[in-house]
Amino acid sequence: MFTELNSYNFYFIVISLGFYYSFSKTFVYQSLLNLTPGRLTSLENLPIHLRADTIESFSIYITFFLCAIIFYELYNLQKGKITQSRYNLRIQGLAIVIFSPFISYLLLHVLWLKQTDSSWDFDIDFMNASMGKPLTNQWPFDIQNTDPRWTFYRVGLLNSLRVVFVSIILSTLLGILIGVLRLSSNKLLSSLAKTYVDLFRNLPLLVQLFLVSVWFVTTLDSFREINQNNLFGWIFWSNRGFVFPKIVIEEMSFFLAAIGLLLFFRVYIRFTERIFLEKSGEISQPSKNLTFVSIDDIRIIIENFVALLKRPFSYLDKKFEPVISDLVFSFSILLFLFSMFRVLEWNYSFSFNGILSLESFSILILSIFLLIYSSIITSNLDSSGLNTFTEDSTLEARHFRMQMWALVIFIVIILFYLSITVYQPNLITEKNGQEVGWGQWGWEKGTFERVSSMFLTLMIGLTLYTAAQIAEIVRGSIQSLSRGQIEAAISIGLSRYQRLKLIILPLALRSMIPSLTNQYLNCWKNSSLAILVGFSDFYSILNNIVTNAGHAVPVFIIVLITYQSGSLVISTIMNYTNNSVTKVKI
Amino acid sequence: MNFNLLILAVLFFVFLPELFKKQIRGFQVSKKLQKWFNLTVLLNLFFNKVPKFEYNAHFSIVLGLIFVYFSLNTEGVVSLFSYAGSLLFFVYLAHLYSNELFDTSWNTLLTFFSFYIFYSLISTTINYFLIETDWTMIFKNRRLLLLGPYFINPETGNQVWRFWPPFYAILLIVCSGYGTLGEKKYKFLIPYGIFSSIAIWALVYDTDYYSNKFSDEISNRGYDATESLFRLLGGLMIGLVSYLVTHTYCSKLEEYQINYWQTVLIYFSFFGFIGTLLILNPPGESGVRPSAWGGFVLNLIFAFGSLFIGFGIGIVLVFGRRSPLPVFYIPCVTVIELVRAGPLVAWLFFAQFLFPDLMNPIWEADIASRIILVFAFFFGCYLAEILRGGLQSVSHGQYEAATALGLSPVQIKLQIELPQAIRITLPAIVSQMIAMFKDTSLVYYFGIIDAFKIAQDIPSQRDFIGQDFDALIFVGMMFWILSFYLSQISRRVEKGLGLVKEGGGELT
Chain A
5 MFTELNSYNF
15 YFIVISLGFY
25 YSFSKTFVYQ
35 SLLNLTPGRL
45 TSLENLPIHL
55 RADTIESFSI
65 YITFFLCAII
75 FYELYNLQKG
85 KITQSRYNLR
95 IQGLAIVIFS
105 PFISYLLLHV
115 LWLKQTDSSW
125 DFDIDFMNAS
135 MGKPLTNQWP
145 FDIQNTDPRW
155 TFYRVGLLNS
165 LRVVFVSIIL
175 STLLGILIGV
185 LRLSSNKLLS
195 SLAKTYVDLF
205 RNLPLLVQLF
215 LVSVWFVTTL
225 DSFREINQNN
235 LFGWIFWSNR
245 GFVFPKIVIE
255 EMSFFLAAIG
265 LLLFFRVYIR
275 FTERIFLEKS
285 GEISQPSKNL
295 TFVSIDDIRI
305 IIENFVALLK
315 RPFSYLDKKF
325 EPVISDLVFS
335 FSILLFLFSM
345 FRVLEWNYSF
355 SFNGILSLES
365 FSILILSIFL
375 LIYSSIITSN
385 LDSSGLNTFT
395 EDSTLEARHF
405 RMQMWALVIF
415 IVIILFYLSI
425 TVYQPNLITE
435 KNGQEVGWGQ
445 WGWEKGTFER
455 VSSMFLTLMI
465 GLTLYTAAQI
475 AEIVRGSIQS
485 LSRGQIEAAI
495 SIGLSRYQRL
505 KLIILPLALR
515 SMIPSLTNQY
525 LNCWKNSSLA
535 ILVGFSDFYS
545 ILNNIVTNAG
555 HAVPVFIIVL
565 ITYQSGSLVI
575 STIMNYTNNS
585 VTKVKI
Chain B
19 MNFNLLILAV
29 LFFVFLPELF
39 KKQIRGFQVS
49 KKLQKWFNLT
59 VLLNLFFNKV
69 PKFEYNAHFS
79 IVLGLIFVYF
89 SLNTEGVVSL
99 FSYAGSLLFF
109 VYLAHLYSNE
119 LFDTSWNTLL
129 TFFSFYIFYS
139 LISTTINYFL
149 IETDWTMIFK
159 NRRLLLLGPY
169 FINPETGNQV
179 WRFWPPFYAI
189 LLIVCSGYGT
199 LGEKKYKFLI
209 PYGIFSSIAI
219 WALVYDTDYY
229 SNKFSDEISN
239 RGYDATESLF
249 RLLGGLMIGL
259 VSYLVTHTYC
269 SKLEEYQINY
279 WQTVLIYFSF
289 FGFIGTLLIL
299 NPPGESGVRP
309 SAWGGFVLNL
319 IFAFGSLFIG
329 FGIGIVLVFG
339 RRSPLPVFYI
349 PCVTVIELVR
359 AGPLVAWLFF
369 AQFLFPDLMN
379 PIWEADIASR
389 IILVFAFFFG
399 CYLAEILRGG
409 LQSVSHGQYE
419 AATALGLSPV
429 QIKLQIELPQ
439 AIRITLPAIV
449 SQMIAMFKDT
459 SLVYYFGIID
469 AFKIAQDIPS
479 QRDFIGQDFD
489 ALIFVGMMFW
499 ILSFYLSQIS
509 RRVEKGLGLV
519 KEGGGELT
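Top line first, the protein sequences correspond to chains A and B. Just so we're on the same page, the working numbering is the position in the first sequence counted from 1, plus 4. Just so we're on the same page, the working numbering is the position in the second sequence counted from 1, plus 18.
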């Protein structure tokens, strides 16, 4: 640390060691206090017996000893004449010695807290007990008060995911729109966008959420006037939220038939429009001939096996291989929908007792694997050139295609009409045949879907705030593009919109994605502000659990783990997007 | 005013021909009539004779806003005339920029659309802020909003003298900072004059203070405005004098010397902050304990505390993370990833409930001190990530040259790598600072009486029931003004450092 030991350095070390001594003496004292017998039950079998009246002097001795070691080490290290690796080891040892009082205090104190304070107990059995507290947002679950706390946690997690998912999508669209508007040549429009960004970027998110919630409460009428506040009796709004009609798929077979028809039509179109160039369909064969088995050939066998996995239908003719893979993809989508509806039972009462029956859930997992696998096969086919298409633009071909599309869409509409039922929300104003006051009005079960005003508050607040940040990022990344690209786009005669869509935004995406990832993570973590608005996302549910049952530390660890997992999922998706966007080197 | 009819009329008579003149083939319009179909030419006909000064656009905007205000405030014929007048000024503004606004028909449509939105926004804002809302609630409670209930209370309110030395220090630092910039004097003196007059007026005007506790008397609650007035005047004089002195001194200096004095100012502000904390709560019995602090100054204390302490923590963490030795980088990585895993609300929860359990035998910390520590750690970890990217962009040649010159590792880190990294990542650092300042509003949930909590409590006073929205908007505006000011400063600093690249913006 110091290149030479003169008197200035010497006094500096001595004075700083003096501060260190006075600071760490209390830590050493506390650690020794925890080592006295009768204090920590988990350390009863230690051979150390410290009497309670000796720890005061012991702490002085030990701290002084530590300071002496540190001084000696520093003096030795300054002399030089040691190799770099030895220096590294010694300085790491010195760091451990310097921090040993604090580390030991932390460990022993946490052990002591674990046995005395209930909030530091690392057990999570309490999560299986019932909670006994109602939520504000329960869709699509039917929660009873007697359900275990894990159920509440899952409901809250689903609520958070819903809000964050919708907010991220909407804010990206809005942010890109406003960021591009900011650069418009129309001075009025760009000032409008600048006003939006400056306003919503500099207001705290909390203030925005409160303003939106107050606005909701004051603008929307109370539930009493529900009969005047509706859209032809189908959509109702009040200060309790919005009520939408319920869409139920009654006949699963017709619905799946419609989806299947669309998918197979897609396969058919791809089959008719596919063209085969010279080099398409080539597989990089590692080796074809196996004359005798040896270690080298085991590697060849494995490579052949992996190549077969990548394109399992490669033994077929070039014409049929992509068709078969498209068919497998369509089949996997249908299987996924089928098993998903079986799992959810499509009636929005997600009771946790019987849904996880092995059959439908395992088919769901199988369909997800099949979906991922078929997409990998299709992308392998794309990269080998088998999926190039051409469009026949003669008049007869276009007429034929239009007729086929019309026929397919007609059949699909009929099938949808047969399979889907839309229920109108039914307001029940009487109980046992008697008219009751508006405080007791309710909606008939099974006819409505509710979107609460708290969900809307959080979603609108998060969207506006994140959109302003994204607009700034978009503006910055577009401004950092090179002018040459845009001038070239102008010179080949692209219109403004084509310029934006084909040249500017794809180029700007390359530099935008890390900052966008950051904003999405911020949006995910800002959803914790739901606790201040009254929306039951998982952070507020866990907060309720802590105030109800104590056990703060395990709950805190669950909070951190959940947020970290969500951040990892978002980062992985954005990393994948980043890699696919930056495949081409500029 | 039926604005919609006017828009429809304009659309019908002016814009539609613009659309149709391209579609109608074989329909020859006379040359004279064609002139009317072009908005630029039309406006030119009317406004050709107006002489052009340098500030034409600014004057027309200001006058247009004044006329909008009058149109909303009065009634009848006067309102109609001022409405027409405001429209006249805005149309003149359109004439000044008519080349950009009206060149294609799509542009014209966008211009009308956005002008409609703008006009509605402006009239709603002016109506809300200047005409409709009764701001007496905020005005009566201005000291409460600023200082918190402890310093307003007549029994303990005499401790408010502790805030004046930090106020002097802040004015000194800020005005000297402006002085070192070397701009023309009026650019600082005019806003400073406006600020001083508003401050003096707010201090002196109506000191009758009203509160729920003393509901039967309106009194000034033991608050003597004259003493504060003298102190305020003294502070403003100090600011003015420091600006003039630094301005005259720095106008003769080279740039590197000015940079040196600016660094001195930054160090001085750091020690000033520590001095503030010591003045407010000196060790010992006298002083105000941190749980009694409140108001907007509490938000400022949290923000600055997290900035200064967090900077130290962040620098330690980032250099620890970059070290090749496991004993240093493993704990640093753990701490950074752990702190960044959770939202700020979760860490404040930690500060409220779990931190006292950990530290109580050694340090009985107040809730405010715990929160400053947590804010500092949070900002420090984010800063560590930002600086890590910046340090990676510093070229390795700098490190090699510094080693060749014989600098020790500590000197290399602090004097070579860190300044370059901060210069590269300055926009991200400043935006994170502004975000921390805005996040200080979250503390109200933990029982701390900051400006936001007071804004929620003020409407429960007897005279002001039902005005929740106004108090929230006012506090939001307070935060907004400060954040906006800081972001403008950051833009200036970036421009000064040459970090702004304007590539494809104009052409897009």
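Accuracy of the hints is not assured; some may be wrong.
Said to hold, decoys possible - Here are the simulated SDA-like pairs of lysine to any residue, each with C-alpha atoms no more than 25 Å apart in a straight line:
| id | chain 1 | residue 1 | chain 2 | residue 2 |
| --- | --- | --- | --- | --- |
| 1 | A | K198 | B | N74 |
| 2 | A | K250 | A | L235 |
| 3 | A | K29 | B | F373 |
Unchecked claim - Negatives, chain B to chain A, calculated, CB over 10 Å:
| id | residue |
| --- | --- |
| 4 | F64 |
| 5 | K67 |
| 6 | T129 |
| 7 | V178 |
| 8 | L251 |
| 9 | I284 |
| 10 | I297 |
| 11 | R307 |
| 12 | E355 |
| 13 | F368 |
| 14 | D375 |
| 15 | L376 |
| 16 | K456 |
| 17 | F487 |
| 18 | L490 |
FYI, nobody ran anything at the bench for these hints, they're computed from the structure. Ideal Cβ positions, reconstructed from N, Cα and C, are used throughout, including at glycine.
Quick rundown of the hints versus the structure:
Only pairs whose Cα atoms come within 25 Å are accepted, and A/K198 paired with B/N74 is accepted, the gap being roughly 22 Å. A C-alpha spacing of about 15 Å is found between A/K250 and A/L235, which places the hinted pair at or below 25 Å, so the restraint holds. For the hint linking A/K29 to B/F373, the alpha-carbon distance of about 20 Å falls within 25 Å, and the restraint holds. Every Cβ of chain A is farther than 10 Å from the Cβ of B/F64; the closest lies at roughly 19 Å, confirming the non-interface assignment.
Once the 10 Å rule is applied to beta carbons, B/K67 is consistent with being away from chain A; the minimum gap is 24 Å. With a minimum CB-CB distance of about 6 Å to chain A, B/T129 fails to clear the 10 Å threshold, and the non-interface call is violated. Look at B/V178: its CB is around 26 Å from the nearest CB on chain A, clear of 10 Å, so calling it non-interface holds up. For B/L251, the non-interface assignment is confirmed: its Cβ lies about 31 Å from the closest Cβ of chain A, beyond the 10 Å cut-off.
For B/I284, the shortest C-beta to C-beta distance to chain A comes to about 24 Å, beyond the 10 Å cut-off, and the non-interface label holds. The Cβ of B/I297 sits about 23 Å from the closest Cβ of chain A, beyond the 10 Å cut-off, so the non-interface label holds. Remark: the non-interface label on B/R307 is consistent with the geometry, its nearest Cβ contact in chain A lying 21 Å away (cut-off 10 Å). At roughly 8 Å, the least C-beta separation between B/E355 and chain A is not larger than 10 Å, which violates its mark as non-interface.
Consistency note on B/F368: stated as away from chain A, yet its beta-carbon is not over 10 Å from all of that chain's, at 6 Å minimum. Chain A draws B/D375 into its interface by the beta-carbon criterion, the shortest separation being 6 Å against a cut-off of 10 Å. Not every C-beta of chain A lies more than 10 Å from that of B/L376, the closest at about 7 Å, which undercuts listing it as non-interface. Interface exclusion of B/K456 from chain A breaks down, the closest Cβ pair being 4 Å apart, not more than 10 Å.
Non-interface call for B/F487 relative to chain A: violated, since the shortest CB-CB distance, roughly 5 Å, does not exceed 10 Å. With 10 Å as the threshold on Cβ separation, the claim that B/L490 sits away from chain A is violated: the shortest Cβ distance comes to roughly 6 Å.
Consistency note: the structure conflicts with the earlier hints numbered 6, 12, 13, 14, 15, 16, 17, 18.
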